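Those sequence lines, one after another, are chains A and L.
Residue numbers for the first sequence follow this note's numbering, so the first one is 269 and each next one is one higher.
Residue numbers for the second sequence follow this note's numbering, so the first one is 38 and each next one is one higher.
Please keep in mind that the hints were generated in silico from the structure rather than gathered at the bench.
As the structure is a prediction and not an experimental result, all values here were calculated from the model.
By construction, the Cβ of each residue, glycine as well, lies at the ideal position given by its N, Cα and C atoms.
Take these hints with a grain of salt, some might be off.
To be verified - From the structure, some residues in chain L lie toward chain A, with a derived Cβ separation under 10 Å:
hint, residue
1, Leu43
2, Val46
3, Arg315
4, Glu318
5, Val321
6, Leu322
7, Lys323
8, Gly326
9, Phe327
10, Arg328
11, Asp329
12, Gly330
13, Val405
14, Asp407
To be verified - Chain L is faced by these chain A residues, among others (derived, beta-carbon under 8 Å):
hint, residue
15, Asp335
16, Ser355
17, Ala362
18, Asn373
19, Ile375
20, Val377
21, Leu389
22, Leu390
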Amino acid sequence: MVNANGAPNGKCLIRARNLDKSYQRGGEQLHVLQGLSLDVDRGGFLAFMGPSGSGKTTLLNLLGGLDVPTSGSISVAGDEITAMGRSQLTAWRARHVGFVFQMYNLIPVLTAYQNVELPLLLTSLGRSGRREHVETALELVGLPDRMNHYPRQLSGGQEQRVAIARAIVADPTLLLCDEPTGDLDRRSADEVMQLLGRLVDEHGKTILMVTHDPRAAERARTTLHLEKGTLVEAGRRAA
Amino acid sequence: MKYLRLIWVNLARKKIRTALTVGSFAVALFLFGLLIAIRGAMNHGEEAARADRLVVINRASITRMLPISHNERLARIPGVKAVVHATWFGGVYKDERNSFPQYAVDPEGLRAVYPDYLVPEAQWSEFIRDRQGCIAGEVTARRFGWKVGDRIAIKGSYMTGVFEFNLRAIYTGARSDVDTTHFWFNYAYLAERYKGRVGWYVVRLADPGDAERVITTIDEEFANSAWETKTQTEGEFGNYFAKQLGDIELLVLAIGSVVFSTLLLVSGNTMAIALRERTGEIAVLKAVGFRDGQVLRLVLAESLVMAAAGGAVGIVAAKAACASLSGLFPGMVLYLPSGELAVGMVFALGIGLLGAGFPAHAAMRLRVADALGRV
Ligand SMILES: Nc1ncnc2c1ncn2[C@@H]1O[C@H](COP(=O)(O)OP(=O)(O)OP(=O)(O)O)[C@@H](O)[C@H]1O
Ligand SMILES: [Mg+2]
Chain A
269 MVNANGAPNG
279 KCLIRARNLD
289 KSYQRGGEQL
299 HVLQGLSLDV
309 DRGGFLAFMG
319 PSGSGKTTLL
329 NLLGGLDVPT
339 SGSISVAGDE
349 ITAMGRSQLT
359 AWRARHVGFV
369 FQMYNLIPVL
379 TAYQNVELPL
389 LLTSLGRSGR
399 REHVETALEL
409 VGLPDRMNHY
419 PRQLSGGQEQ
429 RVAIARAIVA
439 DPTLLLCDEP
449 TGDLDRRSAD
459 EVMQLLGRLV
469 DEHGKTILMV
479 THDPRAAERA
489 RTTLHLEKGT
499 LVEAGRRAA
Chain L
38 MKYLRLIWVN
48 LARKKIRTAL
58 TVGSFAVALF
68 LFGLLIAIRG
78 AMNHGEEAAR
88 ADRLVVINRA
98 SITRMLPISH
108 NERLARIPGV
118 KAVVHATWFG
128 GVYKDERNSF
138 PQYAVDPEGL
148 RAVYPDYLVP
158 EAQWSEFIRD
168 RQGCIAGEVT
178 ARRFGWKVGD
188 RIAIKGSYMT
198 GVFEFNLRAI
208 YTGARSDVDT
218 THFWFNYAYL
228 AERYKGRVGW
238 YVVRLADPGD
248 AERVITTIDE
258 EFANSAWETK
268 TQTEGEFGNY
278 FAKQLGDIEL
288 LVLAIGSVVF
298 STLLLVSGNT
308 MAIALRERTG
318 EIAVLKAVGF
328 RDGQVLRLVL
338 AESLVMAAAG
348 GAVGIVAAKA
358 ACASLSGLFP
368 GMVLYLPSGE
378 LAVGMVFALG
388 IGLLGAGFPA
398 HAAMRLRVAD
408 ALGRV
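Given the sequences, and given the hints that come with them, work out the whole structure.
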């Protein structure tokens with residue numbers, strides 16, 4: 269079991285035990301994750317690295333409740349998400365998880381403002397309450413003046429920052445980023461990583477990130493290496 | 038509703054495709070409207086039928102005639118308010134193609150039995166004074182450019198000779214669905230040629246609730262005679278004609294189902310393509326926390342909006358077409374009852390739902406992890 273405690277005395281936020289994930293492909297079983305266990309503390313900033321196909325995305329999806337393990341259990345902030353049904357899991361995701369993807373995945377026909385507002389539509393907030401949250405989030409990512417721009421009018425780095433604003437606007441417990449800088453140039457990648465670092469340091473977010481980029485991984489407090497579905501070593505750095 | 042914008046932007050993103058889908062619904066509803074109107078025109082007798090009129094025909098067949106002496110006996114039956122006899126003429130005006138219904142009638146009876154036909158009083162008195170007088174409906178009069186006072190020559194079909202009539206009056210309908218294509222002339226003018234026979238009788242009841250009893254009384258009155266009768270309400274009689282037109286009904290049904298099933302394929306296909314293009318976005322919505330049911334409703338609503346918009350356009354177009362086509366052809370009273378239009382609209386919405394059903398269900402069941410992997 270890997271203990272990925274960024275802050276040694278912090279309270280444990282994620283507890284994953286004996287995760288197995290396998291796919292049936294053709295006649296054979298493909299074991300993507302095998303007996304993986306992991307603890308992540310609140311306020312942690314964790315980077316997963318590893319070769320392509322090692323199961324990083326799969327693991328992130330399991331931890332974010334986008335997919336369910338073949339066996340094993342995950343609890344987040346005391347909620348046993350592996351015991352939840354499909355709709356329960358959706359509701360849990362809406363409350364607790366923000367996602368950032370490599371390809372930004374903004375809705376092209378909505379403005380930056382409207383994209384960030386999406387998760388709030390699911391809350392009981394009224395129009396003005398939503399506006400307040402959206403503006404705060406866009407300010408946090410440094411794009412308050414781009415509210416009414418459509419994704420195609422933004423650079424890749426700006427799009428990714430809008431996506432981050434969308435991920436944090438509902439104030440989730442946990443931020444999951446799958447190669448957030450994978451499609452960005454050096455400068456934009458640095459900006460995005462800086463932003464993620466601030467979210468952890470100044471806003472106490474917990475971030476789990478998959479990356480191929482060692483420079484991006486450096487910003488994380490902890491780097492874990494995945495190989496063939498197991499965590500092989502914990503590279504802990506001083507916080 | 039805060040989700041309206043999502044529905045709207047999705048519709049607006051491929052404007053041509055949305056317009057084509059809306060157009061398909063419009064065309065379908067337009068066709069549906071026209072078919073309904075045409076069927077209505079075919080079954081006209083039934084539509085315009087009044088509960089207070091009975092049609093008396095020869096028991097053997099409608100093509101056999103009845104003696105004119107029945108007129109008086111019918112008038113004497115209790116519960117009968119008025120009687121008119123009518124006889125098919127079926128002549129040709131100038132050209133075979135110019136067909137319109139022509140009947141020899143008893144003028145006084147006509148007026149007493151059919152209050153739905155409106156004739157100016159002055160014209161009416163001219164008509165009954167003239168043995169060669171005739172009345173035409175406004176649609177037919179307009180069709181041939183007739184004016185009161187015109188002399189109209191009609192060549193007999195089963196009766197040899199050319200017969201001349203003086204147009205003394207033009208009638209209009211008391212309601213929009215009254216057929217104003219008929220042409221009536223005084224039976225007296227051709228009484229000798231008809232040899233005391235008439236085509237059928239129409240009886241007006243004093244009390245519509247009395248129909249059943251009067252029907253029995255009439256048919257009993259003539260039972261076991263050489264001229265037995267078969268009496269029906271005007272509605273049933275219309276049905277009789279409608280049954281003769283059974284294939285048209287079937288045709289309407291066939292065309293209607295082809296149109297609607299094509300529409301189902303079109304709308305289903307559109308939504309399937311639209312959703313396939315948006316797989317990644319739907320996955321994002323779900324990742325963000327949109328529930329399965331919400332995703333389903335968003336997709337269905339999108340399809341419903343297109344169906345409703347197209348349906349409305351089609352209905353308006355059909356109404357306009359009916360208004361301008363009415364009376365263009367003989368006997369064509371194109372009229373779209375709201376009830377049937379509502380049925381058409383419900384059909385369209387149903388198809389919008391059904392067509393979007395499969396793709397919407399697929400979107401609902403979409404697994405985020407798989408879908409994002411495909412982005
Ligand atoms: N739905 C699926 N069905 C079958 N196999 C799958 C499925 N999803 C993932 N896999 C397989 O699981 C393995 C791990 O995939 P995963 O996406 O987690 O890798 P990764 O570490 O994120 O790789 P990359 O760095 O390329 O993103 C791969 O071999 C992949 O082909
Ligand atoms: Mg991956």
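A quick look at each hint next to the structure:
Checking Leu43/L against chain A: minimum C-beta separation of about 8 Å stays under 10 Å; hint holds. Contact between Val46/L and chain A, as hinted, is supported at the beta carbon level, the nearest pair being about 4 Å apart and thus within 10 Å. Checking Arg315/L against chain A: minimum C-beta separation of about 9 Å stays under 10 Å; hint holds. Annotation: interface hint on Glu318/L holds; nearest CB of chain A at approximately 5 Å, less than 10 Å.
Against a cut-off of 10 Å between C-beta atoms, the interface hint on Val321/L holds, since the closest Cβ of chain A lies about 5 Å away. Checking Leu322/L against chain A: minimum C-beta separation of about 7 Å stays under 10 Å; hint holds. Given hint, Lys323/L at the interface with chain A, holds; its Cβ is 7 Å from that chain's nearest Cβ, closer than 10 Å. With a cut of 10 Å, the hint placing Gly326/L at the interface with chain A holds, because the nearest CB-to-CB distance is about 2 Å.
Because the beta carbon of Phe327/L sits about 7 Å from the nearest beta carbon in chain A, less than 10 Å, this interface hint is met. Annotation: interface hint on Arg328/L holds; nearest CB of chain A at approximately 5 Å, less than 10 Å. With a cut of 10 Å, the hint placing Asp329/L at the interface with chain A holds, because the nearest CB-to-CB distance is about 7 Å. Annotation: interface hint on Gly330/L holds; nearest CB of chain A at approximately 8 Å, less than 10 Å.
Nearest Cβ of chain A to the Cβ of Val405/L: about 5 Å, under the 10 Å cut. The hint holds. Taken as an interface hint, Asp407/L checks out: its beta carbon lies about 8 Å from the nearest beta carbon of chain A, inside 10 Å. The criterion of a C-beta within 8 Å of any C-beta in chain L is met by Asp335/A, whose closest approach is roughly 4 Å, and the hint holds. Nearest Cβ of chain L to the Cβ of Ser355/A: about 6 Å, under the 8 Å cut. The hint holds.
Interface restraint check: Ala362/A against chain L, minimum CB-CB distance 2 Å, threshold 8 Å, status holds. Taking 8 Å as the C-beta contact cut-off toward chain L, the hint placing Asn373/A at the interface holds, the least distance being around 5 Å. Look at Ile375/A: its Cβ gets to within about 5 Å of chain L, closer than 8 Å, so that hint holds up. Interface restraint check for Val377/A: the shortest CB-CB distance to chain L comes to about 4 Å, inside 8 Å, so the restraint holds.
A cut of 8 Å between beta carbons decides the hint on Leu389/A: the least distance to chain L is about 5 Å, and the hint holds. Checking Leu390/A against chain L: minimum C-beta separation of about 5 Å stays under 8 Å; hint holds.
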